[in-house]
Amino acid sequence: MQVGTRDKALRPEVLRAVGVAVGPDRSTLTVYVPAELAERTVANLEDNGMLAITFSHVIDHRTVQLKGKLLSLRRSRRNERALQERWLAAFAEQLHMVGFSRRLALRIRIWPSIALEIELCDLFVQTPGPGAGRRIEGSA
Amino acid sequence: MTLFESLPAACFQGVIPAAISTCSADGTPNVTYLSQVFRMDARHVALSCQFFNKTKQNVLENPFASVELYDPVDFSSYRLELKYERAETGGALFDAMALRIQAIASHTGLKGVFRLLSADVYEVLACERREAFLVPAATDEPEEPVDPHVPQSELRCLHLVSQRTARAPTLDALFTALLEALEQSIGFRHSMVLLPDETGTRLFAVASRGYGDEGVGAEISFGDGLIGTVARERRPLRLSNVNSELRYGRAVRASVQATSGRRELVAEIPLPGLPNAQSQLAIPLLACERLMGVLAVESQSPLGFDEWDEAFLDIVGNQVAASIDSAILRERGEDVAQLATTGSSSTSEGSHAGKSERTASPKASGPLRRFRFFASDDCVFVGDEYLIRNLPGRILWKLLRATVDSGRTEFTNRELRLDASLGLPGVRDNLESRLVLLRRRLEQKCPELRLVSTGRGHFRLDLACVPELEEVV
Numbered sequence: 006m007q008v009g010t011r012d013k014a015l016r017p018e019v020l021r022a023v024g025v026a027v028g029p030d031r032s033t034l035t036v037y038v039p040a041e042l043a044e045r046t047v048a049n050l051e052d053n054g055m056l057a058i059t060f061s062h063v064i065d066h067r068t069v070q071l072k073g074k075l076l077s078l079r080r081s082r083r084n085e086r087a088l089q090e091r092w093l094a095a096f097a098e099q100l101h102m103v104g105f106s107r108r109l110a111l112r113i114r115i116w117p118s119i120a121l122e123i124e125l126c127d128l129f130v131q132t133p134g135p136g137a138g139r140r141i142e143g144s145a
Numbered sequence: 447m448t449l450f451e452s453l454p455a456a457c458f459q460g461v462i463p464a465a466i467s468t469c470s471a472d473g474t475p476n477v478t479y480l481s482q483v484f485r486m487d488a489r490h491v492a493l494s495c496q497f498f499n500k501t502k503q504n505v506l507e508n509p510f511a512s513v514e515l516y517d518p519v520d521f522s523s524y525r526l527e528l529k530y531e532r533a534e535t536g537g538a539l540f541d542a543m544a545l546r547i548q549a550i551a552s553h554t555g556l557k558g559v560f561r562l563l564s565a566d567v568y569e570v571l572a573c574e575r576r577e578a579f580l581v582p583a584a585t586d587e588p589e590e591p592v593d594p595h596v597p598q599s600e601l602r603c604l605h606l607v608s609q610r611t612a613r614a615p616t617l618d619a620l621f622t623a624l625l626e627a628l629e630q631s632i633g634f635r636h637s638m639v640l641l642p643d644e645t646g647t648r649l650f651a652v653a654s655r656g657y658g659d660e661g662v663g664a665e666i667s668f669g670d671g672l673i674g675t676v677a678r679e680r681r682p683l684r685l686s687n688v689n690s691e692l693r694y695g696r697a698v699r700a701s702v703q704a705t706s707g708r709r710e711l712v713a714e715i716p717l718p719g720l721p722n723a724q725s726q727l728a729i730p731l732l733a734c735e736r737l738m739g740v741l742a743v744e745s746q747s748p749l750g751f752d753e754w755d756e757a758f759l760d761i762v763g764n765q766v767a768a769s770i771d772s773a774i775l776r777e778r779g780e781d782v783a784q785l786a787t788t789g790s791s792s793t794s795e796g797s798h799a800g801k802s803e804r805t806a807s808p809k810a811s812g813p814l815r816r817f818r819f820f821a822s823d824d825c826v827f828v829g830d831e832y833l834i835r836n837l838p839g840r841i842l843w844k845l846l847r848a849t850v851d852s853g854r855t856e857f858t859n860r861e862l863r864l865d866a867s868l869g870l871p872g873v874r875d876n877l878e879s880r881l882v883l884l885r886r887r888l889e890q891k892c893p894e895l896r897l898v899s900t901g902r903g904h905f906r907l908d909l910a911c912v913p914e915l916e917e918v919v
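Chains as they are written, first to last, in the working numbering: chain Z, 6 to 145; chain L, 447 to 919.
Hints are computed from structural coordinates only; laboratory data are not their basis.
Check the hints yourself; a few may be wrong.
Unchecked claim - Derived list of chain Z stretches under chain L, where covered just means 3 residues or more per stretch with a C-beta under 8 Å from a C-beta of chain L:
| id | segment |
| --- | --- |
| 1 | 19-26 |
| 2 | 49-56 |
| 3 | 93-99 |
As the list claims (entries may be wrong) - As a list, the in silico BS3-like pairs of lysine-lysine whose alpha-carbon atoms are at most 25 Å apart:
| id | chain 1 | residue 1 | chain 2 | residue 2 |
| --- | --- | --- | --- | --- |
| 4 | Z | LYS13 | L | LYS891 |
| 5 | L | LYS529 | L | LYS502 |
| 6 | L | LYS844 | Z | LYS74 |
| 7 | L | LYS500 | Z | LYS13 |
| 8 | Z | LYS74 | Z | LYS13 |
| 9 | L | LYS529 | L | LYS500 |
| 10 | L | LYS891 | L | LYS844 |
| 11 | L | LYS844 | Z | LYS13 |
| 12 | L | LYS891 | Z | LYS74 |
To be verified - Rough simulated footprint, nothing fancy, chain L against chain Z, three-plus residues with beta-carbon under 8 Å:
| id | segment |
| --- | --- |
| 13 | 32-42 |
| 14 | 68-79 |
Glycine included, C-beta positions come from ideal geometry on N, C-alpha and C.
Whenever a hint applies, use it, and build me the whole structure from the sequences.
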């Protein structure tokens, strides 16, 4: 799960996210990024609020990319840590299934984190192949 | 040395996919994963472009990109700031990147569909390590396991391989010595040598180590999979994290089928070798521009081989190719000399060095074994088990037929060369290598038959069974 943003001069930034929660209306979501690495990402979002997020399934490379707009940005609450820990455990499990030790992934720093609340604007197929880039209809 | 120059080579093997973020001219960010990041020099990387996608479109509008790379050994993370410079569609860089994609594409039945469009060159503007990406490892935890082979000195490795192969008296012994020496000197535990067959379009595994009984005899067409690609392109190829590469290829395959329903996609090609190989390295064995074969090694570790291994095996390969060539010439030399003096019109075997070749066999004893020859595909079965086919199958059938019909057990390479029914190619035939394959298949699948060398170009068929022959037309 990777977050792409850009600054005022259109210089892009990439950052690995460490957890996600889809809102009950399914048109908003909360993405968590590690606070210690998020300085540029936060500055970019405070500047223009535009972001892209790519979600990929480790096992079969099924991938989607979301384009969105920042609704709000805040320090994650203590009760959100458990959600991030579940995400990390699931990610470690996927890596384990493709031959990596779980311990490798479990060292990824997930806390403290910044919660990015996002409005979903568009959704695209990103699975490698000729269909990559196709808009998923009804996504926005 | 800059941080970028000192990044571990493993970061560039694609084991953990890198991510790239770009931005269009209207300010919309884009983020996706990369299949290959190639370090070109101290200030440049090349990224593979297989499909004209949003990333490519963006960097043509706005050349800046941000990439996150990972070291698969400890999951360290590095951030690169890049600026797009140009796309290369030919030349050494393009060829090197395209070869890897071709191997995966051919294996997953995507030849011509999944291919490199361009090698996109970017200048590295900045490189930083993301120190806070990982929490410190607990001190009481053992380190992550790394591939245990620690090479001895380069010179000592080369010396061992060189010495063993140079001393091998026969082609057969040469292959055994080579694979043994590679394991002992550098820890390559799964290796095989494949040679071209008489059609020049397929390779067969003539020797293997670390595959049990299953390695020898495996076949693959030129252009198929890693080994076939190496044979066709005559260039070394190294794949890390093979499972991930194949999953990537399968994702593309599924996407092709979903988007266009293409029915012409061919079936996946089963790889000869370890079913759970995570790394593969194959090099062409070239002697004076002729492809003598392919030397392939595999590992269950995703980072089984690095640039050092590739360079080392390349040097070994050059030497081994020359040794194979000279061993074949040596074994063939006497035949060729005799052919030159006697001509090739006669198919009857006389005598050599005053010794009769039509010695009557001792009465065969042992259990009854049934051999069947399927003439339609030159295939020999022992009992109900497949034994061998094509040229070695025809040779075995000729030997068995001679033994059963006339009691002969002693043969020469020369008489095989003169036998038009075997269909050996006229120039630079591969009889010696086919006899090595036949000998090894017999050892594995039918130890009651043995081909025993009785001198250069001469051999005997030893039987520890009573053969019963059936020809199926």
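Quiz prompt | Hint check against the structure, violated hint numbers in rising order | solution = 3, 4, 6, 11 and 12
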